[in-house]
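A.B. asks: Chains A and B supply the protein sequences, listed in that same order. In short: position in the first sequence from 1, add 2, done, that's this note's numbering. In short: position in the second sequence from 1, add 2, done, that's this note's numbering.
Be careful, since some hints might not be right.
Stated by the list, open to error - Capping the alpha-carbon separation at 30 Å, the derived lysine-lysine pairs in DSSO-like fashion look like this:
1) K227(A) to K74(A)
2) K177(B) to K265(A)
3) K74(A) to K74(B)
4) K74(B) to K34(B)
5) K74(A) to K234(B)
Think of the hints as simulated: they come from the structure by calculation, not from any bench.
There are 2 protein chains.
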Amino acid sequence: MREVAVIGVGMTKVGQHFDKALRDLFVDAALKAFDDAGNPNIDALYVGNMVAGEAIGQSNLGAYLADYLGVKVPAFHIESACSSGGAAFILGVLGVMSGYFDTVLVGGVEKLTEYPTQTTTLHLAGAAEQEYEVYFGASFTSLNAMIMRYYMHKFNVPREYFAEWPVMMHENATKNPYAQLRFKTTIEKVLSSPIIADPLTLFDCSPTGDGAAAVIITTVENAKKITDTIVKVAGFGMGVDSISLAMRNELTTLAASVNASRKAYKMAKIEPKDVDVAEIHDAFSIMAILAIEDLGFSEKGKGAIDLHDGKYAKDGDIALNPSGGLKARGHPVGATGVYQIAEITLQLRGDAGEMQVPDAEIGLAQNIGGSGSSITVSILKRER
Amino acid sequence: MREVAVIGVGMTKVGQHFDKALRDLFVDAALKAFDDAGNPNIDALYVGNMVAGEAIGQSNLGAYLADYLGVKVPAFHIESACSSGGAAFILGVLGVMSGYFDTVLVGGVEKLTEYPTQTTTLHLAGAAEQEYEVYFGASFTSLNAMIMRYYMHKFNVPREYFAEWPVMMHENATKNPYAQLRFKTTIEKVLSSPIIADPLTLFDCSPTGDGAAAVIITTVENAKKITDTIVKVAGFGMGVDSISLAMRNELTTLAASVNASRKAYKMAKIEPKDVDVAEIHDAFSIMAILAIEDLGFSEKGKGAIDLHDGKYAKDGDIALNPSGGLKARGHPVGATGVYQIAEITLQLRGDAGEMQVPDAEIGLAQNIGGSGSSITVSILKRER
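Using the sequences and the hints given, assemble the complete structure.
C.D. replies: The structure is reproduced here in structure tokens:
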């Protein structure tokens with residue numbers, strides 16, 4: 003199998019971009035990635051996006067964005083809800099591994115503002131099961147609240163422990179120029195913010211926002227011609243599970259996360275403890291805790307306790323979400339998975355600025371679709 | 003590069019399936035493909051679909067359908083408008099070529115009935131350019147009518163010649179048990195049917211319908227263990243062009259079709275004249291004629307004349323659309339490209355029943371997204 007490396011990244015600030023259309027955002031990120039990679043020719047474009055069809059009525063985003071970017075190469079639009087970006091990245095890597103393409107651009111883009119909140123919620127609800135969840139009034143927040151409530155009961159974890167996650171994320175985001183929520187918060191503020199679905203408060207939930215990210219990947223052989231710092235795609239996996247929570251074997255373990263990560267670790271020939279830095283999919287505080295456990299960083303039931311003990315701080319055993327994560331960098335749905343790859347790449351290159359985790363060599367990105375129905379895990383490794 | 007073969011196919015009848023949900027249709031087709039392939043284990047699922055997010059509010063179709071099918075493997079939803087099926091097939095083939103997956107199922111599914119025609123039209127319009135086409139009232143039919151009008155003017159081809167296409171398609175469909183419109187028609191009926199967008203009449207347009215198709219692909223090495231008749235994926239290509247007609251260099255040539263097919267021919271080491279049977283994307287009569295020319299079967303401007311001369315009949319030089327094509331087999335949008343692969347596979351195996359083209363060895367499938375913004379061409383070859 004051909005080995006693959008990331009040679010360029012680009013991101014836009016996550017936020018409310020009233021002055022930019024979806025394709026403007028995408029091109030902004032893509033051009034930065036081209037620039038970062040030394041403007042190579044690309045053979046294909048892979049785009050992760052969830053709701054452009056519903057929100058702006060534009061389908062066939064592959065061709066649409068390839069055209070606007072000025073590169074009429076084979077172009078594919080991949081959708082797997084909030085994990086669209088992670089899925090697009092994996093398919094892009096497979097494209098290069100196949101030998102059919104040498105160099106490809108993987109991008110993710112989402113435009114959520116300029117629509118009424120109700121409309122946005124309706125579109126995003128497509129990631130839940132229509133017949134057995136959405137139809138009966140279950141929102142994403144309520145589904146996550148149920149998981150959190152049950153987790154707190156099962157493992158006897160106090161509510162306050164979860165609040166430490168948003169506090170750390172907001173702190174991290176102050177160092178990230180691309181983050182949406184660049185202000186600090188406190189445990190008291192998290193706990194006293196409005197309840198969205200008990201026990202989740204406003205500050206436990208990631209914001210909606212617009213954004214685009216892009217990465218350019220090629221063979222390791224090609225990468226060596228242009229740089230001495232190779233960011234290799236060492237391993238990856240995708241796991242799926244029932245969309246409906248009611249059909250799952252368990253509520254407090256995301257089987258898709260376990261399966262995806264075990265496959266990725268095996269391919270990369272590493273263990274969870276070898277990871278230096280990770281970007282995990284903390285759409286809600288409970289999702290961060292489940293990720294910490296399902297990725298094998300903490301024992302089941304101990305994630306929030308290890309967080310409290312500082313294991314996942316920037317100077318801890320594994321630095322989690324130095325970007326601020328979905329919570330504070332923001333969550334431009336179909337683009338999030340590509341932001342994560344871009345962020346991990348910068349970390350491994352030592353180019354993460356104020357976000358930098360010292361001497362990070364192995365990084366992991368975990369991207370969740372729905373309430374855990376499709377999860378991608380990618381492991382990048384720096385080689386010099 | 004690993005060589006890839008199709009080892010199983012399954013289709014549902016195209017039509018109005020009021021008694022089946024989208025996932026029922028998909029599973030029906032997938033189980034037939036499993037059965038046909040001797041029930042192998044699969045490593046991944048690739049699904050082509052265009053409008054489930056808009057029409058039934060269900061996104062993340064990969065995980066959704068993997069779950070309902072009972073195979074919790076990595077699952078990807080690919081969307082490129084009407085070429086979603088063809089794009090999913092190419093990505094599935096790349097997955098096997100990469101060596102990461104050995105055996106994968108590629109499916110396509112679409113559910114269009116049970117929604118008001120207006121809603122369906124609205125969703126499908128996402129394949130056109132929202133800002134510069136749809137917003138100003140251009141429908142797909144009117145865009146195709148413009149191309150046809152200009153073609154007739156430029157090449158001085160009489161209207162009647164185009165009517166021969168639907169007549170041939172309806173005739174072919176009477177032999178296809180999966181076809182939606184299994185009745186014959188005449189040139190007079192085509193010409194006197196209601197005008198949809200002058201010069202296109204009702205009988206020049208493909209119908210909307212529900213349907214699902216699935217194919218199972220694996221390495222040629224694996225295929226040889228279970229069958230002596232290898233249907234090899236000999237070549238493939240994807241071309242893209244501007245979505246908006248106004249931005250194209252030319253109206254009467256689909257550059258994406260030219261580019262995709264030249265890449266596929268080169269990879270398969272064949273020339274257009276070597277093709278024995280092809281399934282082309284005849285969403286409208288004019289699209290069939292452009293396909294005939296852009297694929298290199300006829301000279302530009304001569305497609306309708308060669309059709310009139312019988313070159314593309316079942317006993318002609320190249321048998322086109324023995325299934326009845328989009329015109330009469332039907333056009334379940336995101337599934338169409340997978341139907342084509344399944345049909346060509348049956349032809350090459352000699353299993354096409356009454357549709358059979360004698361001793362077909364090389365087959366081609368051409369799948370168009372939008373008015374030619376993304377086009378896939380795949381070439382299959384029988385080896386014994």
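A.B. asks: What are the numbers of the hints that this structure violates, sorted from low to high?
C.D. replies: 2, 3
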